[in-house]
Amino acid sequence: MERELFPEEEIIKGCKEGKRYYQEILYRRFAPVMYGVCLSYAKDREQARDILHDAFLKIFRNIDTYKKQGSFEGWIRRIVTNTAIDHTRKKSKTFQFITNEIPDTEDTEEEKPDIGLNELLEQVARLPEGARMVFNLYTLEGMSHYEIAEKLNISVGTSKSQFSRAKRMLQTWVSELIKKKDGLS
Amino acid sequence: MDFLKWYKNTIESGQEAPPEDIWDDIQNDLDIDMVYNRLEKSLKKDRRKMWLWRASAAAGILLFLSTGIWLLNQSKQVVTPAVVQNNKPEKEEDSLQKAGITTTTDSVQHLRTGELRETETDIETVKAEKLTFPDNDIAPLKIVKVTSTSATKDTSDNKNNDIAAREFDVRFNTMASTQFVLPKQGYTGIQEKLITELSLPEPEKHPLENRLPSSGIFSGLTFSADGEFANTWLINQKTIEGLDPQDLTATKPTFNSNYGFSIAGNLNERWEIVSSFSVARQNGQQYKEYYHGKYVSNSINLDYMDIALKARYKPFRNNLNHALSAGIYSGFLQNATQTINGETTNITSDYTNTDFGLVAGYQYLAPVSRNITVGAGLFYRMGLKNVFAGNQMVNSSLNHSTNTSFNFSLSVGYTFSL
Chain A
1 MERELFPEEE IIKGCKEGKR YYQEILYRRF APVMYGVCLS YAKDREQARD ILHDAFLKIF
61 RNIDTYKKQG SFEGWIRRIV TNTAIDHTRK KSKTFQFITN EIPDTEDTEE EKPDIGLNEL
121 LEQVARLPEG ARMVFNLYTL EGMSHYEIAE KLNISVGTSK SQFSRAKRML QTWVSELIKK
181 KDGLS
Chain B
1 MDFLKWYKNT IESGQEAPPE DIWDDIQNDL DIDMVYNRLE KSLKKDRRKM WLWRASAAAG
61 ILLFLSTGIW LLNQSKQVVT PAVVQNNKPE KEEDSLQKAG ITTTTDSVQH LRTGELRETE
121 TDIETVKAEK LTFPDNDIAP LKIVKVTSTS ATKDTSDNKN NDIAAREFDV RFNTMASTQF
181 VLPKQGYTGI QEKLITELSL PEPEKHPLEN RLPSSGIFSG LTFSADGEFA NTWLINQKTI
241 EGLDPQDLTA TKPTFNSNYG FSIAGNLNER WEIVSSFSVA RQNGQQYKEY YHGKYVSNSI
301 NLDYMDIALK ARYKPFRNNL NHALSAGIYS GFLQNATQTI NGETTNITSD YTNTDFGLVA
361 GYQYLAPVSR NITVGAGLFY RMGLKNVFAG NQMVNSSLNH STNTSFNFSL SVGYTFSL
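Here the protein sequences line up with chains A and B, keeping their order.
Going by our numbering, the first sequence opens with residue 1, and the numbers climb by one from there.
Going by our numbering, the second sequence opens with residue 1, and the numbers climb by one from there.
Extracted from the complex, chain A is given alone in its bound form (with noise of 0.2 Å):
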């Protein structure tokens, strides 16, 4: 039977029992998904191979806790949020954020913009570390911002001017990004 195949409740009993096989198969279908997630969080590649690592040893050592409740896919993205928070926490005991004001700035026009995922990913690191978590959490994750100054311990006001500025700092290299590659072209 291929892998793909296998339905999600065999695969999560499978490793429940300890079953290798199991696992790797689990692995597999989620970890591409999991890894641009750990991409988006860490600073570089390598901070983001420990994260997925880490995320994917919680997922297996705990799995028996989980209930069922919510789908697995999300079960499995909140270890691997968490475990991302986790390993920024551990690099700087404050997370940095952006200081200055960042000019106000337009949603670009174009329907697709010609950037690819790496590129994307080069933008998202340059942004501080406690920016880019408050963006992320609020933009993949879909956390309020009361949820994400929780969790990162934080003001509301900071999480929400944050995010704020973050989008436009995103906003404003992607842009740029964009002009260089046309010009380029």
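None of these hints come from the bench; they were simulated from the model.
Quick caveat, the model's predicted, so the values are computed rather than measured.
Any given hint could be a false lead.
Claimed, not checked - In silico DSS-like cross-links for lysine-lysine, where the CA-CA straight-line distance does not exceed 30 Å:
no., chain 1, residue 1, chain 2, residue 2
1, A, K91, A, K151
2, B, K41, A, K13
3, B, K8, A, K43
4, A, K160, B, K8
5, A, K180, B, K238
6, A, K91, B, K8
7, A, K67, B, K238
8, B, K41, B, K238
9, A, K16, B, K5
10, A, K19, B, K44
11, A, K13, B, K44
12, A, K151, B, K44
13, A, K90, A, K43
14, B, K5, A, K19
15, A, K91, A, K13
16, B, K8, A, K58
Since chain A is already given, all that's left is putting chain B on it; use the hints.
For chain B alone, coordinates are given in the frame of chain A:
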């Protein structure tokens, strides 16, 4: 286009395959988890088994010591004159007749304790009385010698006393093979006088023979020099698994020698308290260790100074050469080394400073002269403490190790009577 939606889509649809070595690393860590869990489960099981063994051994030794103390107390009970009864003279005669002695009923003088006060004689009367023991129908005979101080009122009593004295000689000789029990207090003087008057030879006593303590607890002290040839085991998960011939750790029997001395206090004929001091007691284990990518020979040696306190019991009344011992020991670590491929390193900090456990065994004690005894025996020592203190690599609980040994002992002792 909404920037945030575009950002989310780009990140989540990227599906960049992570480096393959991440999965390899995860697998390695899962393997370690699996080994750790198995080890934990196994250790828990072993600990349960070990405690069962230890509890059984401790209970056995406690029972052994309790029985010994109870027997000791029994043997020390003093029979007072108040319990002396002589109200069944006909039975006594029967016993004499059974022994082949023909006596007339009136030739034997039976005096009750109360009558002794009333009948005052000027001659010494010796009589055999039967003691009544509440728990024993077969009571030993006791010789009682009664000496009066006043003049006789009735001359017929003198005649009777003469007859009684002659009868006593006959009866005493008959009963010579019977065991006599003379309480220490109250009869010691009578015993000595009786022996003197009857010209009985003073029995030669071995220093270890039972004697009532004249002063203190011990009737004698035996000083011994001890040597042991020991088959030692350092019991832990690795060495237990190594006993399986297929296992790569390949645990090998290890032999060491120990030296020391001991002092035994003789409580009575059959019980002794033995205190042993080992100047150099070695415990160790040889097995194969996974080291730098291959299995190599590893020898661990633990050097202790050691003290032990044992109760020694001679189970056979008729043959006091056999002795069973049981007790406790405590060891004090002097040095610990590990030799891998001929290279020795000091690992004293990896092991605890002390050890304690149980010791039990058998000894054959052969007297070569009145005071000198040579002994040979076999002892089992079971450590109760985890002697592995842990190090930077391995936690102490993950390598739970106990000392165990089978010891062939030789000893030469000299006994002083007190």
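Cross-check of the supplied hints:
no.	hint	verdict
1	A:K91 with A:K151	holds, 17 Å
2	B:K41 with A:K13	holds, 22 Å
3	B:K8 with A:K43	holds, 18 Å
4	A:K160 with B:K8	holds, 18 Å
5	A:K180 with B:K238	violated, 65 Å
6	A:K91 with B:K8	holds, 26 Å
7	A:K67 with B:K238	violated, 38 Å
8	B:K41 with B:K238	holds, 14 Å
9	A:K16 with B:K5	violated, 36 Å
10	A:K19 with B:K44	holds, 23 Å
11	A:K13 with B:K44	holds, 26 Å
12	A:K151 with B:K44	violated, 39 Å
13	A:K90 with A:K43	holds, 13 Å
14	B:K5 with A:K19	violated, 38 Å
15	A:K91 with A:K13	violated, 35 Å
16	B:K8 with A:K58	holds, 25 Å
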